[in-house]
Each structure stands twice: as structure tokens, then as C-alpha cells.
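Use the sequences and the hints to build the structure in full.
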Amino acid sequence: MSADAVDDVGDDEAGGLARDLDVVERQLGRRPRAVRRVAHRCSCGLPDVVETAPRLEDGTPFPTLYYLTCPRATAAISRLEGAGVMREMTARLGEDPKLAAAYRAAHADYLARRDALGELQGDPGAGGMPDRVKCLHVLAAHSLAAGPGVNPFGDEALSAAGDWGARGPCVEPPPSPDEQKGAAG
1 MSADAVDDVG DDEAGGLARD LDVVERQLGR RPRAVRRVAH RCSCGLPDVV ETAPRLEDGT
61 PFPTLYYLTC PRATAAISRL EGAGVMREMT ARLGEDPKLA AAYRAAHADY LARRDALGEL
121 QGDPGAGGMP DRVKCLHVLA AHSLAAGPGV NPFGDEALSA AGDWGARGPC VEPPPSPDEQ
181 KGAAG
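Following UniProt numbering, the numbering of the sequence shown begins with 1 at its first residue and continues without gaps.
These are computed hints drawn from the structure, not numbers from a lab.
One or more of the hints may lead you astray.
Stated by the list, open to error - For lysine to aspartate or glutamate, the following EDC-like pairs were computed, each having C-alpha atoms within a straight-line distance of at most 16 Å:
#1 Lys134 - Glu81
#2 Lys98 - Asp131
#3 Lys134 - Glu156
As the list claims (entries may be wrong) - Quick list of simulated restraints, FRET-style, between CB atoms:
#4 Gly94 - Pro175: 48 to 54 Å
#5 Leu56 - Ala18: 18 to 24 Å
#6 Ala101 - Ser176: 43 to 49 Å
#7 Ala18 - Ser78: 26 to 32 Å
#8 Ala108 - Glu172: 35 to 41 Å
#9 Arg33 - Glu88: 30 to 36 Å
#10 Ala160 - Ala100: 16 to 22 Å
#11 Glu119 - Gly147: 22 to 28 Å
All residues carry an ideal CB built from backbone N, CA and C; glycine is no exception.
This is the structure in C-alpha cells:
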């Protein structure tokens, strides 16, 4: 997966934010919470990772900074989890000091990115970082948002998952503002 351009949620000049949030709602089957921006786009062009605020609107801590939204991506990563990949990855942390150091650095990167938006008490991690692998979805989303070479296990999961966007969009996107104008005119 290539790291495509990210979009700031605050820039909604052409209705892009509303359209992206509609896509994410279709992907998740519910309205997303505390979305700040699209952090990565799938090869099909739709969002597949969103960046969320460290706290929900009601103030509840939400430590998951990057949220994988594409149902095909989620299914591919879930298959890896079901195959026991997380257990193997965690075991490798105890056997490979360089890998363990890279994973700790990934954790530090994740926390720094999240803390730049707002600190959470106790610095809760995500995905099991830095001592174990608990959620490949979080690690894959981090790799997509941060780019290759930041999270070694996220990169591995993405490589094993393949290109989920190759078959085209996972959901039918709502019409763009230009498409809506054309239909009305």
C-alpha cells in the first residue's frame, strides 16, 4: 500500500470532509467518533485510516490514534490475527534485540504523535506496544499513517495482507459535489 496524501478534516471547502465521513460511516456501519482527519487513503482512493482525537467529545480517553476503517483491510488483518501471527511476533521481541528496539521506537513515535494532539494520563499505549503485539489493526493503521519503516510489525502485517484496494472501493462512495451538481443541472 502506498501512503497517499492525507487530508485535514478542518478543510471542508468542497465538501470533502463530509463525503469522507460518509464513506467511513459506510465502512464501519456507524458514525465515526472524534475523527480529526483522513490519515491514509487506500489504493482505490477511499479513506482506509482515520486519525482520531485522544479524547472523545465527552472527554473519555481514546488512546487509539489511528483507526483502520476499510472492511477489506480489517478482514485481511483479522485473518492474520486468527492465524496466530501476534503470538509469533511477540515471541520474536524476546529473541531479537534490534527488532525489540525498533518496536519500542514505533511505540515512542505513536505516543509522540498522539501526545501532540493531547496527552492522556499514564500514557496508555495501543496495540500492545512496546512489550507485546496485541492488536495488528492498530499496528497496520500506524504503519499506513506514518509510512514504511516506522512500525516493523505494522509493515509486516501490511505486506502479508496484500493490496485490499486492488478490487476497487470497499463501499459505494456518496456522490462528489461535482457529481451532485451535474445530476442537478
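Violations among the numbered hints | When the structure is compared with the hints, none of them turns out to be violated.
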